[in-house]
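The hints should help you fit chains W and R onto chain A, whose structure is shown.
Note that the protein sequences, when read in sequence, are chains A, W and R.
Using our numbering, read the first sequence as starting at 9 and increasing by one per residue.
Using our numbering, read the second sequence as starting at 21 and increasing by one per residue.
Using our numbering, read the third sequence as starting at 924 and increasing by one per residue.
Everything labelled a hint here was simulated from the structure, so no lab data went into it.
Owing to the predicted nature of the structure, the values given are computational and were not obtained by experimental measurement.
Heads up, some of the hints might be wrong.
[To be verified] Which residues of chain W face chain R? A few of them, derived with a C-beta cut under 8 Å, are:
1) Ala311
2) Lys342
3) Thr343
4) Leu405
5) Gly407
6) Phe418
7) Ile434
8) Cys437
9) Leu438
10) Ala444
11) Thr452
12) Met456
13) Gly457
14) Pro458
15) Phe492
16) Asn495
[What the hints assert, rightly or not] Subject to a maximum C-alpha distance of 16 Å in a straight line, what follows is the list of computed EDC-like cross-link-like pairs (lysine to aspartate or glutamate):
17) W:Lys453 with R:Asp1092
18) R:Lys1434 with R:Asp1277
19) A:Lys61 with A:Glu11
20) W:Lys386 with R:Asp1043
21) R:Lys991 with R:Asp1432
22) R:Lys1543 with A:Glu105
Just so you know, even glycine gets a beta-carbon here, dropped at the ideal spot from N, CA and C.
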Amino acid sequence: MIEPGLYHMLFISTTLFFIGVYGFFTRRNLVTMLMSVELILNSVNLNFIAFNKYLWYDKMDGLFFTIFIIAIAAAEAAVAIAIIINLYRSHKSIDVENAEDLKY
Amino acid sequence: MNLSLLILLPLLTAVAVLLVRNAKQVKVAALAGATAQFVLAFVLLFAYYKERATGNAAQMLFEQRYNWFPSWHISFHLGVDGISVAMILLTAFVVIAGVLVSWNVTKMTKEFYFLLILLSLGAYGFFISLDLFILFFFLEIAVIPKYLLIGIWGSGKKEYAANKLALMLMGGSALVLVGLLGVYFSNSAQSFDLLQLSQLNIPIQTQMICFPLLFVGFGVFTALFPLHTWVPDGHSSAPTAGSMFLAGISMKLGGYGCLRVATYIMPEGAKEYATIIIVLSVIAILYGAFATMMQKDLKYINAYSSVSHCGFVLLGIGMLTKTSMTGAVMQMVSHGLMTALFFAVIGMIYERTHTRQVSEMSGLLKRMPFIITVLFIVGLCSLGLPGLSGFVAEMTVFMGSWQHPDAFRRVATILACLSIVVTAVYILRAVTKTAMGPLTAGFEELKDATWNEKLAALILIAGIIAIGVAPFWLNDLVSPGAEVIMQKLSR
Amino acid sequence: MPNATYIALIPLLPLAGFLMLGIFGRKYFKNTSGIIGTTLLLVSTVLALYTAYGYFFEYGKVDGIYQKLVPLKYTWLQFSEGVSIDMGIILDPISAMMLVVVTFISLMVHIYSLGYMKGDERFPVYYAFLGLFTFSMLGLVVSSNIFQIYIFWELVGVSSFLLIGYYYDKPSAVAACKKAFIVTRFADVGFLIGILILSFHSGTLDFNTLIATLTSPETAGYKSAAAASFIGVSALTWGLALVFIGGAGKSAMFPLHIWLPDAMEGPTPVSALIHAATMVVAGVFLVARLFPVFAISSPNALSLVGYVGAISALIAALIACTQTDIKRVLAYSTMSQIGYMMFALGVSKYGGEDGLGFTASMFHLFTHAMFKALLFLGAGAVIHYIHSNEMKDMGGLRKYLPITHITFLIACLAIAGVPPFAGFFSKEEILLAAYEHNPTIYWIALITSGLTAFYMFRLYFNIFWNKEAHVHGEHKGEGGFAMMMPLVLLAVGAAVAGFIPFGHFVSSDGKRLETAFHLQFSIAPVALGLAGIFIAMWMYKTENNKPDKFAASLSGLYKATYHKFYIDEIYTFITKKIIFNLIGRPAAWIDKNIVDGLVNATGNGTKDISEIIKGFQSGKVQQYAIYFLVSVIGLALLFIYWWK
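Pulled out of the complex, with its shape left as it was, chain A reads as follows:
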C-alpha cells in the first residue's frame, strides 16, 4: 500500500479539472455545465489543500482559500440556477445553444 502523496492529489485534481472542462465544452444542458464548473472549482480546491498540506503545512492560506471558494461556489450556484430558471421560463429550454440571443 502506497502512502498517498502530493502527486496523487495532483493527479486526482487534474483529472477532475479536465473532466470538468470536458463537461463544460461538450454538454449543452446548462445544469450539467454548471456541475462541470463545480468540478473545476473543486479540483482547484483540492489543489489548494494539497499544496497547503505538503508544501506549507505551517500556514493556513490554502485552507482559507478553499473555504472562500466553497462559499463563492455556493453563491454562484444559486445565481446560476436562478438564471437558468429564468431562462427556462422565457425560453422553455435550458439548452445553451438557445441562450445565444442573450448577446444582444
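Quick look at chains W and R alone, frame taken from chain A:
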C-alpha cells in the same frame, strides 16, 4: 468683467429651458438667454476696449484661474484677448439669430433649444479657456449636440450625415487630444497652460510631430482639404439653426484652434509645415469654389462655398504674417456671420417653397422682397463686395500673403485671388436664378418673412455691415493678438 | 483751401438717398422718391460745381501748377506700417472735372427718369439704385488711395449689375447683368493683383506717395519694382499692365468688352448714365490717375494701353456698322470712343507739349459724356415712343419727335467730329497727339473716325428718315418736360463744350497747356467724317435695297461683324466647355467619388472589419470557453518558452 459669466449664462439658460413647461416658455427662455448672451458679448467688447484704453497691455485680460486637477497641473484658467473677443461676438450673433429662426420648430422643442444652448456653451468655453485641457473639454461639449441636432431634426440623409459628421469631428478631436498630450509630456513644466506653454520652447522634434496632429485635428473642424467632406453633407442635412451653428460657430472652433493652439505654441512647426498648409488651403479655396459651381441645391452651394471660404482662414494662418493672420480671424468672423445668414435665408426660402433645388424656383423677388434682398446682400458679401464683411477679410488675407517675396507664396496668392471670380460665378448663378426671372408657377401665394425671421436677418446683416463699412474696430481688436504670435515666431 | 465737408457731401448725399429710398421707399415714398433723389443730387451738383470752380479758379493753382490736394483722409483699415486703406478725397484737375461730369450727367438722368420711368412698379428702388451708383462713382473719382478706388470700383460694378437687372423678370436682363458682373470681376482680379504688386514695392497704397515713389528712380521702391522681373518683364510693368486690365474690363476694351452690348438690357437712362457717360470711363480715369507712373516708369505698359485702345476703337466701329438694335449700336460706339480715350493716353508722354494726349483724352471724356448721354437719352425717347429697340420698327420719326430729332442730330454731328460741335475739338486733339507720336495708331484712328460718322448717321437716318413712320394707336407725345429738358441741356453742352480751353485746366503735369489748332491737319478727318455722313445718307435716307446689296457684296466680312467677330461664342465655348466641363464637373465628381469616397470607404472598412470580428462574439458560451482555454494555453507556452 467676470468671464465665468459667459459659461454660467448658457448653463442657466439650458437649465431654464429644461425646467419650463411648454414650448412657448421654452422659446421665450431660450430667446431671453440668447439676448442676455448678446448683451454680455457687447459688455465684454466694451470692457475690453476700456481696459485697453487704460493702458493695460497684458496679453490676456480678465484672467481667472481655479485649480481643477492640481496633480496634473490642470487649472480652470480663463482669459481673453482681442481674437477671443471677436469670436465671442460672432458666437453671440449667431446664437441669437439661430434661436430666432428656429421659432417654428415644433418637434421636441425643448430638447432642440437645449442642444442649441449647450452648443453655445461649448463654444464660449472654448473661446475663453486658456488651459488646453479645459479647451478640449469644451470642444467636445460643442461636438455632441451637433450629432443630435442633425440626427433628430435633420432632413434628407440625416443619419448618414450625422454619423459622418460626428465621426469625422471626433476623429479630429482624437488627433487634437494626442497632440495635446504630446505637448504636455514633452514640455519641461508638464503644463496644459497656454500662456505658460507659449513661454517655453518646445523642442523642434516634438513640434514636428505634434504640430501636424493639432493642426490637422483642428483643421477637420474648419474643412481642411481633404477632410472637408463632412461639411456638405452635414450642413445640408442639418435643420436651419443647426447649419447656422455648424458653419457659423463650429467651423470657427477649428480655425481658432489652428491659430491659438497649434500655431501659437508651436510656431517653428508651423513654419516647417507652412508649404503644405498653403498648398492644401489653396486647393480648398479653388477646388471648393469649382465644386460649388456644379451644385444644384442651395444648401450644398453654401456648404461647398464654406469650404472655399474657410480655405482663406487656413491660407491666412499658413502665410504666417501679422496681416494675413489678422485677415484669417476677420475671415472667420465674417464668414461666420455671412454663412449663418445664408443658411437662415435658405431655411426661410425652403419653409415657403419646400424645395432647395435652384432649378425649381425663380422670380421669388416678386413674392418675397425682404427675404430675397437679404439673399442678395449675403450673396454679395460672399463674393466679396466692399461695404460688406467678406471683402475686408479677403483683402486683408491677400495683402498679408503678398508680403512674402518668394514665388511660391506669390503664386498661391494669385491662385487664391482667382477664386473671387469663380465665387462670383456660382453666387450669381444661384442668386439670380432664384430671385430673378419669371415667377415659378405655384409660388404666387408665398408670404414674406415674419417678425422673427426679419429680426434674425437684420441682426446678422448689422454685423456684416458693421465690419464691412468700418473694419478698423475689428482690425484693432484682432491685430494685437496676431502680433503676439508673430513675436513668438520671430523670437 | 477747399472745404472738406462740402466735398464729402457730394458723394454722401446720393448715398443718403440710396439708404432712405432703399429702406423706406416702398412704404413711404412710393411716388415722391424721384423728387427726393433728384433734389439730393441737385444739391450734390451745385456743391460739385462750387468745388470745381473753387479748385480751378481760386485755390487749386500754386505757382502756375495745379496741385493735388488731399482735404480729407481717414484711415479705414491699417494693414501694416505705412500700408493702409484710407478713405479720403483727392482734388486735382481730373477729379474736379469728373465730379462735375458725374453729378451733371447723373442729374440729367435723374430728371429724365422722372418722365421715362413714371408709373414703374419699382420706382423707389430705381432711384435708390441710381443713388447708389452715383455715390460709388463719385467716391471713385475722388479716391485718394488705390484701394479706395478698388472699393468704389467694385461698388459701381454692383450698382451697374443691379441696374442692368432692373427688369428682373426678363431672362435676357438677368443673363446680361450676370455677364456684366462676372466679366468685370474677372478683370478686377487683374486690378487687385496689380495693386498688390504696386503696393508691395512702393510700400504704400496712397496715390500721391505711390506715384512719387514709383516715378523717381532713386527710391528703393522704384529700384525693387524695376529689378524684380517675371518672364523678362519688370514687376512695375506687370503691376501697371494688370491694373490696366482692370480698367479695360470696366471700360469694355477688347477683349473684355462683351458685357457692354448686353448691358443695354437695363433701362435706357441707366445705359446713358452708367454704360455711356460715367462708369465705363472709369478705366480711362484709372489710367489717367496713375498716368505719371505709366508715362515715366513704364512706357511698355503705356503702349499696351495705346494698342488695346486703338484695336478696340476699330473693332467696335466695325461692329457698330452692322448692328440693328439702336442701343447696341450706341454701346459699340461707346466702346469705340473709349478706345479713343485710351489710345490718346497711350500715345501721350508726361509733361509739356508731349502731354497733349493726356489732355485730349480727358477732353474727349468730357465731351463724350455730354453727347453720348444725349444720344442714349434721345434713343430712350424714341424707344419710349415706339416700344422697340429695333431699327426696322423705326423710320420717319422726325415729324413726331421734333425736339428729340434736333438734339439727336446735334449729338450725331458732335460724335462724327463735324466742326464746331464738341466732338470735333476733342477728337482733333487726340488725332494730333496720335499723329505726333504713333503713326500706326493714327491711321487706325483716322479710319475709325470715318466709320464713326458712317454708323452714327446710319443710325440717325434709320430712325428719323428712311421709310414712312407707321405709328399706330394713340400717342402721348414726346414725353413731357422732364424728358425734354435734359435733352436740350445736353444738346447745348454737346454743341459748345468744345470751346472750353481744356488744356488750361487739365494737363499731365498740372501746368497750363496751350492747345494749338492746326487747320490743315483737320482737313483729313473732317473730310473723312463728311464722307461717312454722305455715304450713310446715300444708303439710308430713303428706303432702298442698297444696304442689302452692299451687305451681300461683302458677305464674309458683313457676317463676321454682324456676329461681333464671334467673340461671344469663343467666350461661351471657354466658359461652358472648358471651365464648366473640364474643371467644375471633375472637381465636383472628384469630391463626391474620390475624396468623399475615401471617407465612406473608411467608414465601410470599419464596418466590414467589425462584421468579421462580430463572428467571435457568437453568444455561445462554450465557444468563448474554448477561446479562453486556447488563449490560456497559448499564454502559458509563451511564458514558459519565451519569457526567459
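Quick rundown of the hints versus the structure:
Proximity of Ala311 of chain W to chain R holds as hinted, the smallest CB-CB distance being about 5 Å (cut-off 8 Å). Hint status for Lys342 of chain W: holds, given a least beta-carbon distance of 7 Å to chain R, under 8 Å. The closest approach between the C-beta of Thr343 of chain W and any C-beta of chain R is roughly 5 Å, which is under the 8 Å cut-off, so the hint is satisfied. Restraint check, Leu405 of chain W versus chain R: the minimum CB separation of about 6 Å is within 8 Å; hint holds.
A distance limit of 8 Å between C-beta atoms decides the matter here; for Gly407 of chain W the minimum to chain R is near 7 Å, and the interface restraint holds. The beta carbon of Phe418 of chain W is positioned within 8 Å of a beta carbon in chain R (closest approach about 6 Å), and the interface hint is therefore held. Taking 8 Å as the C-beta cut-off, the interface hint given for Ile434 of chain W holds, the closest approach to chain R being about 6 Å. Using the Cβ-Cβ criterion of 8 Å, the hint placing Cys437 of chain W at the interface with chain R is satisfied: the shortest such distance is roughly 5 Å.
The interface hint given for Leu438 of chain W is met, as the beta carbon of that residue sits about 6 Å from the closest beta carbon of chain R, less than 8 Å. Interface hint at Ala444 of chain W: satisfied, since its Cβ lies 4 Å from the closest Cβ of chain R, which is below the 8 Å cut-off. A cut of 8 Å between beta carbons decides the hint on Thr452 of chain W: the least distance to chain R is about 5 Å, and the hint holds. Interface restraint check: Met456 of chain W against chain R, minimum CB-CB distance 4 Å, threshold 8 Å, status holds.
For Gly457 of chain W, the shortest C-beta to C-beta distance to chain R is roughly 5 Å, which falls under 8 Å, so the interface hint holds. Annotation: Pro458 of chain W was flagged as interfacial toward chain R, and the flag holds, the nearest CB pair being 5 Å apart, inside 8 Å. Interface hint status for Phe492 of chain W: upheld, as the beta-carbon distance to the closest one in chain R is roughly 6 Å, under 8 Å. At its closest, the beta carbon of Asn495 of chain W sits 6 Å from a beta carbon of chain R; the interface hint therefore holds under the 8 Å criterion.
A C-alpha spacing of about 10 Å is found between Lys453 of chain W and Asp1092 of chain R, which places the hinted pair at or below 16 Å, so the restraint holds. In summary, the hint linking Lys1434 of chain R to Asp1277 of chain R is supported, as the alpha carbons are separated by about 12 Å, within the 16 Å threshold. Among the hinted pairs, Lys61 of chain A with Glu11 of chain A is consistent with the structure: their alpha-carbon atoms are about 14 Å apart, no more than 16 Å. About 14 Å separates the Cα atoms of Lys386 of chain W and Asp1043 of chain R, which keeps this hinted pair within 16 Å; it holds.
The straight-line distance between the Cα atoms of Lys991 of chain R and Asp1432 of chain R is roughly 10 Å, inside the 16 Å bound, and the hint therefore holds. A threshold of 16 Å between alpha carbons decides the hint, and for Lys1543 of chain R with Glu105 of chain A the separation of about 6 Å falls inside it, so the pair holds.
When held up to the earlier numbered hints, the structure conflicts with none and fits them all.
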